[in-house]
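Trainee: Residues per chain, in single letters:
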Amino acid sequence: MADDVATLEFDIERQFAGGPRIEARLTMPLRPPGTLVLFGPSGAGKTTVLRALAGLDRPDAGSIRLGGETWFDGATWLPPQRRSIGYLAQGFALFPHLSVADNLGYGLRSMPHAERAQRMAELLDLLRIGDLADRYPRQLSGGEQQRVALGRALARRPALLLLDEPLSALDAPIRARIRRDLRAQLRELGIPAVLVTHDRTEAITLGDRIAVMLAGSIRQVGPVAEVFSRPAGVDVASALGVETVIRGRVVAREGDLAIVGVAEERIAAVSGVDVGRDVWLSIRAEEVMLDTGDSSGTSARNRLAGVVRSVTPEGPVMRVEVDCGFEIVALVTAAAVGQLGLAAGVPVTCLIKAPGVHVTEA
Amino acid sequence: MDLPALWLSLRLAAITTLLLFVVGVPIAYWLASTRSRFKPVVEALVALPIVLPPTVLGFFLLLSMGSNGPLGQLSEGVFGRPLAFTFEALVIASVLYSLPFAVQPIAVAFAAVDRGLIEASWTLGTSRLRTFARIMVPLSRGGLIAGGVLAFAHTLGEFGVVLMVGGNIPGVTRTLSMAIYDDVQALDYGSATLTAVFLLVVSFFALVLTYAGQGRVAAAWRTT
Chain A
90 MADDVATLEF DIERQFAGGP RIEARLTMPL RPPGTLVLFG PSGAGKTTVL
140 RALAGLDRPD AGSIRLGGET WFDGATWLPP QRRSIGYLAQ GFALFPHLSV
190 ADNLGYGLRS MPHAERAQRM AELLDLLRIG DLADRYPRQL SGGEQQRVAL
240 GRALARRPAL LLLDEPLSAL DAPIRARIRR DLRAQLRELG IPAVLVTHDR
290 TEAITLGDRI AVMLAGSIRQ VGPVAEVFSR PAGVDVASAL GVETVIRGRV
340 VAREGDLAIV GVAEERIAAV SGVDVGRDVW LSIRAEEVML DTGDSSGTSA
390 RNRLAGVVRS VTPEGPVMRV EVDCGFEIVA LVTAAAVGQL GLAAGVPVTC
440 LIKAPGVHVT EA
Chain B
79 MDLPALWLSL RLAAITTLLL FVVGVPIAYW LASTRSRFKP VVEALVALPI
129 VLPPTVLGFF LLLSMGSNGP LGQLSEGVFG RPLAFTFEAL VIASVLYSLP
179 FAVQPIAVAF AAVDRGLIEA SWTLGTSRLR TFARIMVPLS RGGLIAGGVL
229 AFAHTLGEFG VVLMVGGNIP GVTRTLSMAI YDDVQALDYG SATLTAVFLL
279 VVSFFALVLT YAGQGRVAAA WRTT
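So the sequences go chain by chain: A and B.
Under this note's numbering, the very last position in the first sequence is 451; numbers go up by exactly one each time.
Under this note's numbering, the very last position in the second sequence is 302; numbers go up by exactly one each time.
It is possible that part of the hints are untrue.
Under 7 Å between C-beta atoms, here's a sample of chain B residues computed to sit facing chain A [what the hints assert, rightly or not]:
1) 114
2) 195
3) 200
4) 202
For each label pair, taking beta carbons as the anchor points, the in silico distance ranges come out as [as the list claims (entries may be wrong)]:
5) 210(B) to 116(A): 57 to 67 Å
6) 297(A) to 120(B): 45 to 55 Å
7) 134(B) to 205(A): 55 to 65 Å
Derived by calculation from the structure, the hints in this document are not laboratory data.
Beta carbons: idealized from backbone N, C-alpha and C, even for Gly.
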């Protein structure tokens, strides 16, 4: 595989009888390996795309290419058996009648015995499930099932990992922990991955890049923070539900508040995350107030000085992007824009209440 | 008890059951996985022997197996002898007559296997046939056992169809249920009772075996 064609490239078209029309096109670089999150509300066609990539459902038209290899076009349709993929299904689909070891080794039958044993040992070690090898799926916790399923999907060293709502089968209390584990695993593995989710927190935590899918088509693709701060349209913005996503690190704690360092600034948020942890901060644009005075008489814990970069109408309100060393998006009324004289280049202070800053551990 | 008739019935039931797996499993798999609009038609055809009087099925088979029927002519062309009133005729008739008893429990068991497991196996590089053997068969074991046992027991006790296409030739087409009929005609109630009790006991244990097998599978699933 030559470096210049190291991409996953697909164009998936499918018409459901009496239902939505899917027309999804995307090119994703495979180097450096990263995770692309296919994000969108249910019914947007994310699963259709993933199942087409896995070879489980054939689109009506289009093409799928990985590196120099054609998986699908007018004349070709490779079945799942002949694609170098690891597929993690919703609910994990572990074989109930096989032990953890037999589940892991299921796809390795053609390997010589010694090589197979070595690969199994690697997987058990990588996913820290060595002590589970003889158990059966029904004897595992949700988190353990997730690790076994991931191990099984990785066993054949796939060129592409496909994950369908990988955390949706887990109970809410453990989901956050498994999400952190999964992120670490995806980083460590170095395998390009496509992950489908409708959960914003999952998208932010697990994705390097995000593709927003709405009503059958991919509306925007880019690095996670960039897509959140510059949505391609009102519908994309509303699907994302949050406009500002910034990376930081907890530098101090004040009671229930975590003080997060972002660039040169300190942002207070209501969160229990410990000092030293890397986090993502998400802030809805409605939570951001703008002031051109000194704003000393306010209850907002966060006062960030910046410069207006742009003002654009968005539906009935105005969308104001402010550069504070990083970008913060605010939604304000047209009247407020007029009153404060907001325009590109005007210095302004962003006021954000600490409860309005949502913290997600990275 | 009429031992040649017992031996004949057991042989007939065993061969029929074997053939029903060969014919019935693919039909059951198709029924369990198809989205074809012809599915109800095929389902109805398979289930027909349940509602059809055995004599009606036997009559049509007899016509087709006779010297002027398509199956009869085929047999005479290939083997040089007629088909009606032979052991082979009984086998063909029994396979058709017991088809629903094998296909229905197997199809139900196949349909109950999570499609996601089958797809997971495919994405792990396993062919469709191997996936069937390694995932589908072990996970529908209860249904396969039930189908086999029911087909065997049902064939062992059939009467009307056998009478129509086999006649009642000792050692060739005279089955156990036929022997009971003859005994009663000859007022030999002792022999008839013996055979009848034997069939009753076999049928009862066949059903116990079937339900016990399904119970095990169900219990295994409950603990997940």
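Trainee: Which numbered hints are broken by the structure, listed smallest first?
Mentor: The structure breaks hints 1, 5; every other hint is satisfied.
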